[in-house]
Each structure stands twice: as C-alpha cells, then as structure tokens.
Amino acid sequence: MNWMKFDLASNESYLSELLKFVDFYEMSPKMLEDMVSVEPLIRNLRGTDCSFHDALVQRAKTTETSLISLGGNNSLTKVTKLDLQTKQWSSLPDLPVGRLSAAAVVINDVLYHLAGDLQIDGKVTNIVYRMKLKEKVLKWEKVASMNVERYVFGAAVINGVIFVLGGTDENNKSVSTGEYYVVPLNKWIQLKPMKVAR
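So in this note's numbering, spot 54 of the sequence shown is number 54, and the numbers just go up one at a time.
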C-alpha cells in the first residue's frame, strides 16, 4: 500500500488489478482485521471485483483461537490446549493410546490423531482416533484405521479431506504410499504411490 500511496494519482487505477495477486489468506487474522479491513483504499473498492473484503473480515473473525498439543516422546497420552487469547493452558481428555511421531489435523471442529510409533518393540500403528471439540462432553472415539502403518509422515486437510503421505514403516524404511480419509464414509482410500519414498 505504501507504493500505491507514494504516487496515488498515477497508481490508484491499478489497485484493483494489483490486489488480485495478493494472497490475503496467508496474512494473520490480526493483520487482516486491524490493517487490511480498515484501509480506506481497499474499503472504497467494495462492490467492485474486490468483493474479497467481506471474506477477509469473516476469516479474521472465525479463525481458531487455540493450539492443541498431543502425544510425544515416551508415548505421552496427555493432551493440552492453549487459548491464544488468554495465553492459558487447559487439559483435554488423554489419548486412548499414546504415540510418538503421529500426526494431527482438525476438520470442522473435529480433531483427528493419526497413526504413529507406539514405542513398544518398534511397533508402528495405523490407528486413528477423533474428538469432537464442540461436544459438551469431550471424548476420543476410534474411527477407521489407515491402510498403512506409518510414523513421521505428512498430513494435511484439503477441502475437508485428510491426506497422509510418506513416512516410515516398522522396518525404519521410508514409504512412498499415500492415502486419504473420506469423513462421511469413515473410509481410507489409497493413492497411487509417490515416485520417491519420503
């Protein structure tokens, strides 16, 4: 915006086009709410092709305000939540099975804890548990297990689907397999193996 304001008379006509290349979803909620949504040059674009304004403010207001820590070394079963507003930690129900190098993701206020190393004779698992974070009584429940046992792997959510890729098997070998979880079906579906194990 500083560049735009430096020579506003010459640059203002380019603002709408320029903003198409700005990834506002990578900005922190605080920046979106405190700086972007109140910037007069952006506010004046409302009703044009920059209709992203309302979406930006909505994202800032609905972004999660907590961080959850679970599992870890020595198969910890403890689960704690940090409230990012108050900076206070609180306890959540313990994991049914502690695991090292597992992964966790959240979809629609449901926390999933995926696979990992049980630290029992090198045993790697494919079990998956979930906890519905908006329920009055929080509890873990087992859902469909993954097709492949793994730990130290990548996990991400894309369009409400959990994807897991790569990782290490019980023989301490990197794997090239991947799979995805369809929530309504409670089913893991294997992907075509990656070209490189990782």
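A hint or two may mislead.
No more than 30 Å apart at the CA atoms, straight line, and that leaves these computed lysine-lysine pairs for DSS-like [stated by the list, open to error]:
id : residue 1 : residue 2
1  : LYS123    : LYS139
2  : LYS192    : LYS173
3  : LYS136    : LYS123
4  : LYS142    : LYS78
5  : LYS123    : LYS78
6  : LYS192    : LYS123
7  : LYS81     : LYS192
8  : LYS87     : LYS132
9  : LYS87     : LYS123
10 : LYS20     : LYS78
11 : LYS20     : LYS123
12 : LYS123    : LYS142
13 : LYS78     : LYS136
14 : LYS142    : LYS132
15 : LYS78     : LYS195
16 : LYS81     : LYS20
What follows is a list of derived Cβ distance ranges for each label pair [as the list claims (entries may be wrong)]:
id : residue 1 : residue 2 : range
17 : LYS192    : ASP94     : 14 to 24 Å
18 : TYR14     : GLY154    : 56 to 66 Å
19 : ARG198    : PRO93     : 17 to 27 Å
20 : SER69     : PHE163    : 16 to 26 Å
Rather than coming from a laboratory, the hints here were simulated on the basis of the structure. Ideal Cβ placement from N, Cα and C applies to all residues, glycine included.
Structure-based check of each hint:
1. Distance restraint check for LYS123 and LYS139: the Cα-Cα separation of roughly 25 Å lies within the 30 Å cut-off, and the hinted pair is therefore satisfied.
2. For the hint pairing LYS192 with LYS173, the CA-to-CA distance comes to about 18 Å; that is within 30 Å, so the pair holds.
3. For the suggested pair LYS136 and LYS123, the alpha carbons sit about 34 Å apart, so the restraint of at most 30 Å is broken.
4. Straight-line distance between C-alpha atoms of LYS142 and LYS78 comes to about 17 Å, which keeps the hinted pair within the 30 Å bound.
5. Proximity of LYS123 to LYS78 is assessed by CA-CA distance (about 20 Å); at most 30 Å being required, the pair is judged to hold.
6. A threshold of 30 Å between alpha carbons decides the hint, and for LYS192 with LYS123 the separation of about 25 Å falls inside it, so the pair holds.
7. Restraint check for LYS81 and LYS192: the C-alpha separation of about 36 Å exceeds 30 Å, so the hint is violated.
8. Between LYS87 and LYS132 the CA atoms are separated by roughly 22 Å; this keeps the pair inside 30 Å, and the hint holds.
9. About 36 Å separates the Cα atoms of LYS87 and LYS123, which puts this hinted pair outside 30 Å; it is violated.
10. A distance of roughly 44 Å separates the Cα atoms of LYS20 and LYS78; the hinted pair therefore is violated under the 30 Å criterion.
11. Of the pairs offered as hints, the one joining LYS20 and LYS123 is violated, with about 49 Å between alpha carbons and a cut-off of 30 Å exceeded.
12. For the suggested pair LYS123 and LYS142, the alpha carbons sit about 19 Å apart, so the restraint of at most 30 Å is met.
13. Between the alpha carbons of LYS78 and LYS136 the distance comes to roughly 20 Å, so the proposed pair stays at or under 30 Å and holds.
14. Between LYS142 and LYS132 the alpha-carbon distance is near 12 Å, which keeps this suggested pair within the 30 Å criterion.
15. Using a Cα cut-off of 30 Å, the hinted pair LYS78 and LYS195 is violated, with the two alpha carbons roughly 37 Å apart.
16. A C-alpha spacing of about 36 Å is found between LYS81 and LYS20, which places the hinted pair above 30 Å, so the restraint is violated.
17. Checked against the hint of 14 to 24 Å, the C-beta distance between LYS192 and ASP94 comes to roughly 37 Å, which is inconsistent with it.
18. As the Cβ distance of TYR14 to GLY154 is approximately 39 Å, the hint placing it in 56 to 66 Å is violated.
19. For ARG198 and PRO93, the Cβ-Cβ distance of about 33 Å falls outside the hinted range of 17 to 27 Å, so the restraint is violated.
20. The hinted range of 16 to 26 Å is satisfied by SER69 and PHE163, whose Cβ atoms lie roughly 22 Å apart.
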